[in-house]
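Trainee: Each chain, letter by letter, is given below.
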Amino acid sequence: NAGVTQTPKFQVLKTGQSMTLQCAQDMNHNSMYWYRQDPGMGLRLIYYSASEGTTDKGEVPNGYNVSRLNKREFSLRLESAAPSQTSVYFCASSAIAGHTDTQYFGPGTRLTVL
Amino acid sequence: AQSVAQPEDQVNVAEGNPLTVKCTYSVSGNPYLFWYVQYPNRGLQFLLKYITGDNLVKGSYGFEAEFNKSQTSFHLKKPSALVSDSALYFCAVRDTGSARQLTFGSGTQLTVLP
Chain A
1 NAGVTQTPKF QVLKTGQSMT LQCAQDMNHN SMYWYRQDPG MGLRLIYYSA
51 SEGTTDKGEV PNGYNVSRLN KREFSLRLES AAPSQTSVYF CASSAIAGHT
101 DTQYFGPGTR LTVL
Chain B
1 AQSVAQPEDQ VNVAEGNPLT VKCTYSVSGN PYLFWYVQYP NRGLQFLLKY
51 ITGDNLVKGS YGFEAEFNKS QTSFHLKKPS ALVSDSALYF CAVRDTGSAR
101 QLTFGSGTQL TVLP
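Line order of the protein sequences matches chains A and B.
Numbering (the numbering used here) for the first sequence: 1 to 114.
Numbering (the numbering used here) for the second sequence: 1 to 114.
For the record, the hints were derived by calculation from the structure and aren't laboratory data.
Only true hints are included.
Quick list of the computed label-pair ranges, beta carbon to beta carbon:
1) K69(B) / Q22(A): 40 to 48 Å
2) Q71(B) / G98(A): 24 to 32 Å
3) P8(A) / S28(B): 38 to 46 Å
4) V12(A) / N30(B): 41 to 49 Å
5) Y39(B) / M27(A): 18 to 26 Å
6) N17(B) / D38(A): 26 to 34 Å
7) K14(A) / S70(B): 49 to 57 Å
The beta-carbon is built from N, C-alpha and C at its ideal position, and this holds for glycine as well.
Build the full structure now, drawing on both the sequences and the hints.
Mentor: Okay, structure coming up:
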């Protein structure tokens, strides 16, 4: 099993450009998440999908959109990138979106917006 | 609202010595607590979690954590540190009142000196 995979690993954008970050999991998990990691701030939740067909905002959703394409895939889109979106982005999944469930993380995408 | 504090940005310990990485939390209901480790340029890896029951939780790679309700703490410990334990450690919490969101601390960089 590959677990959680993310593409691309690195990306450089100019301000105003758009891009989509891809995430896939092969653990048959129902729930998926997108986080951003900034120095000294831990991880902050952008959006999550408790189950296929549903998405909800997290702590920092502004400037992002998501699509739960199917049970395996959950993409994150930046419509008009800004320098403040320079960050490392992590996708995660869990069996269900329950209080006790463990989340499993992908390797991350390092995004720089110039 | 739930929150997590990791009061030490950096912890240094000599190889073979015991290590402690501190975490305190604040929740409105019952806490569900997690520890993750992040190696350079990698995603987060799950170490252990406290849900209920025994206050001492054992996890991967010889790590354990002690839940202390009166002090609202969940410190990570290991009896004998290895150089390979050097990494960034994150504490995270959910409570019974949260909308599935996992709140992370800011992280503690552990360096084990040979």
